[in-house]
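Got chain R; can you put chain C with the ligand on it based on the hints?
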Amino acid sequence: MTAAATTHDEYHDHGPAKGFMRWIVTTNHKDIGTLYLVFALVMFFVGGIMAMVIRMELFEPGMQFVDPQFFNSMTTMHALVMVFGAVMPAFAGLANWMIPMMIGAPDMALPRLNNMSFWVLVFAVLLLASTLFMEGGAPAAGWTLYPPLVLQGGNNLPFAVFSVHLLGVSSILASINIIVTILNMRAPGMTMMKMPLFCWTWLITAFLLIAVLPVFAAAVTMLLTDAHFGTSFFDAAGGGDPVLYQHLFWFFGHPEVYIIVLPAFGVVSTVIPTFSRKPLFGYSSMVYATASIAFLSMIVWAHHQFTVGMPLAGELYFMYATMLIAVPTGVKVLNWTATMWKGSLTFETPMLFAVAFVVLFTFGGFTGVMLSLAPADFQYHDSYFVVAHFHYTLVVGGTFPVFAAVYYWLPKWTGHMYNEKLGQLHFWLTLFSFNLTFLVQHFLGLAGMPRRIPDYAIQFADFNMISSIGAFILGASQLLFLYIVVQTIRGGEKATDEVWEDAAKHGLEWTLPSPPPYHTFATAPEIK
Amino acid sequence: MKKTKPLLTALAMLVLGMSAAQAEYALNLPTGVTQISREVYDLHMTVIWICVGIGVVVFGAMFYSIYHHRKSRGAVAAQFHESTKVEIVWTVIPFIILISMAIPATKAMIDMDDTSNADLSIKVTGYQWKWRYEYLDEGIDFMSNLDPLSNAARQKGSTIKPERVLHYLRNVDRPLVVPVNKKIRFLFTAADVIHSWWVPELGWKKDTIPGFITEAWTKIEKPGVYRGQCAELCGKDHGFMPIVVVAKTEEEYAQWVAEQKGEAAAKVEAAGKTWTQDDLIATGEKVYNSNCASCHQANGEGVPGTFPAIAGSPVVTGPIERHIEVVLKGGGSMMPPFADTLDAVDLAAVISFQRNAFGNNIGDAVQPSDIRSRLASSR
Ligand SMILES: [Cu+2]
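Sequence order for the protein chains is R and C.
Take 1478 as the starting number for the first sequence in our numbering and just add one per residue.
Take 61 as the starting number for the second sequence in our numbering and just add one per residue.
Keep in mind the hints are simulated off the structure, nothing from the lab.
One should not assume that every hint holds.
Stated by the list, open to error - With a straight-line Cα cutoff of 20 Å, these simulated EDC-like cross-link-like pairs (lysine to aspartate or glutamate) come out:
#1 C:K131 x R:D1712
#2 C:K308 x C:D430
#3 C:K327 x C:D424
#4 R:K1819 x C:E142
Stated by the list, open to error - Where chain R lies over chain C, by a calculated footprint (3+ residues, C-beta under 8 Å):
#5 252–263
#6 334–346
In this text the structure is predicted, and so the values were computed from the model without any measurement.
We put the beta carbon where it would ideally sit given N, CA and C, even for glycine.
The shape of chain R in the complex, shown without the other chains (with noise of 0.2 Å):
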């Protein structure tokens, strides 16, 4: 490692190959990120069209516009194309824009690795994006994909089950690159505990990756087994059991979660003290939250099955260990809240996005509580209040500190500042029909709607209205998002390298030039 980074040292000034092809073989940290957060925003506009479809059918009572296998097909395919095609990959692209610049590193330490986990991303979600122009449609058994509804689908399911397992590869790969970075890169006197705590909450998602997701492969490789190849692990005729793939699904499922929200958690514990002029309250209780909370996470997958017949000791050991969760949580809340106390606070856009994701994954937290009482879970559960609950914390988990993470960074990465009114307006808009489109889904939920239902009985036509309402704004609203991006990466006022006032005191990154060389912390950066 040490005679590679020496001789890369000589060339230091070597640019990025010449044409397109630059993007397709390149090995550095940057232009991975970028591939990435560019592969995220088009899956975030393809998942969004699905969500458009899905509100359009909605708008009233009545089939008006698909059939309801589509129908299903889209609420699957959007989930599955949100969260492994949009938010997953974005946050992957701050790692690996952000982590060699925050670590004093000159990239990550296995750069074509980071090449294939990056393509190997791109083929799976096309794998899976195939089956929507197949005979029988995609996959339309929900993206939890349980047996039996999921082996009715007849071809579309070897295409989802090997995207899954590319999906797996990527994911992996990713991981294991960003632990051998964080763990051998980091410049001399970047202890563990003076790492940015986005550092950290990545380490620690990455652990829980490659915990968690070969479970999900093997949970989706039983399905493949069992409708080609005569096993019956999910068929009670043959000695199976349909709940053993949700046990399965859910030691993934419930993980992933916090595999989106954590390195959230990371953003936004780096944005709130930049803009609050205070260092970050309790540091190393951040770090230790983040811990438990991945550790917690990986016990207490059955409280979404609190209807399958657990027996009572189950239901009560789920329910008690899941309602544990809300302590590293709140620590969390409270940490950011005493950071911004007495601090001298400014709201630029990165700012504003940071503490609605406080307030606003705080009340999805609420629900969160609610939905882990098991007794009351017998109501709420399958129906909307569990949509509105899971949008709460994964729509404001997974974009709302992606787009802090896009407007703090962007200066950086560009050299040039976006425009700061048009990211307010984007914030704003984004900030209430987010809230039009799902506040009202708690009241459907508590009122009686189940979920993934392509029509409804009368009494939630009004609701359901003006849901559908906020999503067409929303969804409106992220073209302004796209343009601003356009706009910052095709000029503007030219950015300092410090870009935010005294953001040097909260990361290396902004000791760099804006935009940064295409090679940086070639020679490592001494920290006191």
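Leaving out everything else, chain C with the ligand in the frame of chain R:
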């Protein structure tokens, strides 16, 4: 005059029903009509108020800070950080709050789990996309489908406005009838995929899992009609398998049971007699519309690539033996067996109908008695 009176009553009821449907607008969980549903409701409200309290404190502090500690108001940043004392306080307090929630939740969970000492047992089976109710003590056994009017209105391009349908998508052809003030034990299972039986007024839902039995119980305290629907995604028509529970007083329930037994006897008789082809076809059309049309379509054309057409189908226009076998036992990955879900009359009728409709002109028919002996020999 005599004839218009029932019509007027029906219209009045429709209007009343519509306004009742409007009044059903709800923002919150129903309190429900059982001890469990009230316990769940109370727990739900307790936690909401606790969350409101926490929210006021935390968001209050945050918004105070957002307002007063702004740079534009001349705020100068303090540089304090790290305080073990504060960290311990805000770890312990949430812990105590959680315990205060866990106590009532545990109690409700234990109550919900206790299915012992039931007065009657009803087995509920989920099918794609209908429910089957078997009263284990009474020998009553029937299917419950989405009502025909909702079913017509929910088709794409239907001219019937959903708003004009009473209890749109929340009505069935035959409701589950139960007595009040009796502890009813439900045994849930499914024939094909996982469904979930949910009536909010009873306070819970329970998954129905093929090959397994799950249990739940209820004791309804007020006569009335309680509506719900399948809550677990179960395929194409998941949104169209409602549940209606009619809770009757004990006397009315006893009367209903007696009626059912009379009807069952009449059915046995009907299956024994010889039917004319016209009667079979006429009955078969109704059976087709509520059981086959959701896949094979009302016009018998099917959905290319997914659901085969009945019109000109090689099975339907071929030997009747094979046709009967497919309907009874199912076929392919999607077609369910109908031997258990339709009775002999309906099976004979729908097969006879399919062979003589949509341009199929086979001209033959099968008698209910024939189907009945076939069913008996296959068991
Ligand atoms: Cu169902």
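To see whether the hints hold, each was checked on the structure:
no.	hint	result
1	C:K131 x R:D1712	violated (63 Å)
2	C:K308 x C:D430	violated (38 Å)
3	C:K327 x C:D424	violated (23 Å)
4	R:K1819 x C:E142	holds (14 Å)
5	252–263	holds (count 7)
6	334–346	violated (count 0)
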